[in-house]
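Asks: Assemble the complex: chain E is given as a structure, and chain G must be docked to it using the hints.
Chains as they are written, first to last, in this note's numbering: chain E, 1 to 365; chain G, 1001 to 1301.
Hints listed in this document are in silico derivations from the structure and should not be mistaken for laboratory results. Any given hint could be a false lead.
The calculated lysine-lysine pairs, modelled on DSS-like cross-linking and capped at a C-alpha distance of 25 Å, are [unchecked claim]:
id, chain 1, residue 1, chain 2, residue 2
1, E, K355, E, K231
2, G, K1098, E, K72
3, E, K53, G, K1182
4, G, K1073, E, K72
5, G, K1186, E, K152
6, E, K100, G, K1212
7, G, K1182, E, K72
8, E, K53, G, K1006
Label pairs and their calculated CB-CB ranges [claimed, not checked]:
id, chain 1, residue 1, chain 2, residue 2, range
9, G, S1225, E, K106, 54 to 64 Å
10, G, P1185, E, D110, 24 to 34 Å
11, E, I169, G, P1185, 58 to 68 Å
12, G, P1209, E, K103, 51 to 61 Å
13, E, S198, G, M1115, 56 to 66 Å
14, E, K6, G, P1209, 58 to 68 Å
15, G, P1185, E, L314, 31 to 41 Å
16, E, V210, G, S1007, 52 to 62 Å
17, G, L1147, E, R11, 45 to 55 Å
18, G, I1279, E, S165, 17 to 27 Å
19, G, L1147, E, R102, 28 to 38 Å
20, E, S198, G, S1225, 57 to 67 Å
21, G, P1185, E, T194, 24 to 34 Å
22, G, M1069, E, R11, 31 to 41 Å
Beta carbons: idealized from backbone N, C-alpha and C, even for Gly.
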Amino acid sequence: MEVRIKNLTKRFRNFVAVNNLNLSIKDGEFVALLGPSGCGKTTTLLMLAGIYKPDEGEIIFGDQVVNDIPSKDRNIGICFQNYALYPYMTIAQNIAFPLKLRKIDKKIIDNKVKEIASSFHVDSLLSRFPNQISGGQQQRVALARALVKEPKILLLDEPLSNLDSRLRISMRAEIKKIQKDLGITTVFVTHDQTEALSMCDKIAVMNKGVLQDFGTPEELYNMPKNLFIAKFIGNPPMNFMDVVYIRENGKVILKEETFQIQLPEEIYKKFEEKQNGKELILGIRPENMKLTSQEENTIKGEIYVVEPLGRDKLVNVKIGNDKIIKIIASQDYKGNMGDKVFIELDLDNIHLFDKENEKSLRINI
Amino acid sequence: MNNSKKSFFVALPFIAPFLLLILFFYFVPVVLTFIMSFTDMDFSLRWNFVGIDNYVKLFRDQNIGIVFMNTIKYVFFTLIINVGFGFLLAVITTYFIKNENKGLLFKTIWMFPRMTPAVIYALLWLWFLDPTESGMLNMLSNKLFNLPSQNWILNHPMTVIVIANGMIGASLGMVVFSSAIKSIPKTYFQVASVDGASDWGIIRYVIIPFLKWPLMFMTIWQTLSLITSYEYILLITDGGPLNRSEVWSLYSYHKAFKNYEFGYGAAISMVLVIIAVIIAIIMLKLFGYDAMMNKNKIKKE
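Next comes chain E alone, as it looks inside the complex (with noise of 0.2 Å):
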């Protein structure tokens, strides 16, 4: 089903959780709310599960306005962090749960529970109780309770976030494998940039309640909109430096204390053109940097440390007196601690950012 969600706005007290947010959610899309905790992620969920109440806008599925609608009518699906599980239930009983509300005859709930159970492999823990099976079934069993009575929206709550690191790996797969599957429209509330990333059609970036932008993962790991995006996604994480913009005799130069950057005509008329003598945040991702010996255009610097890890390297590299930059090299990179390096930039993945408004400079994005 279609969810659009228009200006919407909740307040606890004064504290604006969620502001003026709004989403186009297009039937069967797989879309993650991320953020780090206290953006106003799971309160934009909990309003969606109409569990709270928006101050302000709408929430529209299909075509009808749903404001109004107490959460049992509102044919979602949840699963939690922790699963929720009633402890006294059996597993059976458990997954039962919802249909049992909906005063569905006996027969049809055993059968549909004994369905779902086989497709979610939990068929041989029916008859257990949930302290009596590992976290990856029970949270198996909490998705099973949420699909069994065929919603039309799914909403996850940070569904991963208790499993161990080797589990969460293999149930991102196993989640995103059963959401194609089914083809249920999914909103997944998450602070793990690497599984909105993995797992998601399209991520909203949030923070302090405001949607910082809304885009397929690609779009958002590679033309970030704004300085906190660019922090926030990328495992490891972007490196910035603050420049100053340069432009002289037709040539734009960024300047830093310690090293200038030239950039070629076509790289900088993809940015807005600014004032000689502008601050700005420059930023470059790990994997979009050299390591070189070539000493024009580039960054001089010095090893820091190296964390090999495995299929790779990341070099620490030490600018000026206190600056770190991390770069990815090669497995068979040989650079020691304290060595003489320069860096060089590739120039079509830089990012400029405006150091006041923290904006991207890109133009057309």
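Replies: Structure of chain G alone, referenced to chain E:
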């Protein structure tokens, strides 16, 4: 000296004062009562042993039937108010009233009778139920329903003592159940309402199952305290009129301190001692010592 013995002696100085209190004010009186129940001690306070005469007398006592039935009625109906109404208050003040301050205000109001000294509380009831036209309940029933004034205590003694005790007892249940409801993680309520549960569904499928232990505990605990308590009955009806609100513990009191039949009174109260011990054993068996000490029954994950 093994470890458990050692830790007992380390703990002794800390628990000794309470141990002594329990010994002198609970255990010694029980033993004295037990011995006394085999004497025909009267106001002369002589230990004159007569064997099981008092227990034989108990079986032949023509009042014992009505006292027994009164006790059952009193405990049963007061229990319904203490546990049932206490639960209702907890649900209203914790689940339905979402504003914590408002909930707290109502809880405080219900706690007032418990904070009031027993004599004053009983006195308030006596004023409230005054048989003359200036009694508060009479005034209300005159004005609202045009009913003639009546002597409420004379006409409905059991109802009066059940309600008076229930009003006090309910507040304890309310406090215990409220905090138990608060300790249920919010997500259970949220999942249940998304899954289609109405308020009634949430009470039935979430609150009551989560409160199974506190509900059971309160029921047994209150049973125990109700069969042995008589102070409000003594102050309001004094068991009257004509034994119509006389309960077991009050009967023992009356025999001992009104008729000065200390031996016989002791025998009557021995029955309560036996019942109390049985209930205490059931409680320990049912809940277990560890379970009673670890109050959180909710497995969050």
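Asks: Against this structure, judge whether each hint is valid.
Replies: Now the hints, each set against the structure:
1. E:K355 to E:K231: holds (14 Å)
2. G:K1098 to E:K72: Roughly 19 Å between the alpha carbons, so the hint for G:K1098 and E:K72 holds.
3. E:K53 to G:K1182: holds (21 Å)
4. G:K1073 to E:K72: violated (42 Å)
5. G:K1186 to E:K152: OK: G:K1186 and E:K152 at ~24 Å, within 25 Å.
6. E:K100 to G:K1212: The given pair, whose Cα atoms are some 21 Å apart, holds under the 25 Å limit.
7. G:K1182 to E:K72: At roughly 22 Å apart (the allowed maximum being 25 Å), E:K72 and G:K1182 satisfy the hint.
8. E:K53 to G:K1006: With Cα atoms ~60 Å apart, E:K53 and G:K1006 exceed 25 Å; violated.
9. G:S1225 to E:K106: 54 to 64 Å: violated (43 Å)
10. G:P1185 to E:D110: 24 to 34 Å: The hint (24 to 34 Å, Cβ to Cβ) holds, given that G:P1185 and E:D110 are roughly 29 Å apart.
11. E:I169 to G:P1185: 58 to 68 Å: violated (27 Å)
12. G:P1209 to E:K103: 51 to 61 Å: violated (19 Å)
13. E:S198 to G:M1115: 56 to 66 Å: holds (59 Å)
14. E:K6 to G:P1209: 58 to 68 Å: The hint (58 to 68 Å, Cβ to Cβ) is violated, given that E:K6 and G:P1209 are roughly 39 Å apart.
15. G:P1185 to E:L314: 31 to 41 Å: holds (39 Å)
16. E:V210 to G:S1007: 52 to 62 Å: With a Cβ separation near 58 Å, E:V210 and G:S1007 satisfy 52 to 62 Å, so the hint holds.
17. G:L1147 to E:R11: 45 to 55 Å: holds (52 Å)
18. G:I1279 to E:S165: 17 to 27 Å: Violated - the Cβ-Cβ distance for G:I1279 and E:S165, about 51 Å, lies outside 17 to 27 Å.
19. G:L1147 to E:R102: 28 to 38 Å: violated (49 Å)
20. E:S198 to G:S1225: 57 to 67 Å: holds (60 Å)
21. G:P1185 to E:T194: 24 to 34 Å: At 27 Å between Cβs, range holds.
22. G:M1069 to E:R11: 31 to 41 Å: Check failed, 60 Å falls outside 31 to 41 Å.
Violated hints for the displayed structure, listed by number in ascending order: 4, 8, 9, 11, 12, 14, 18, 19 and 22.
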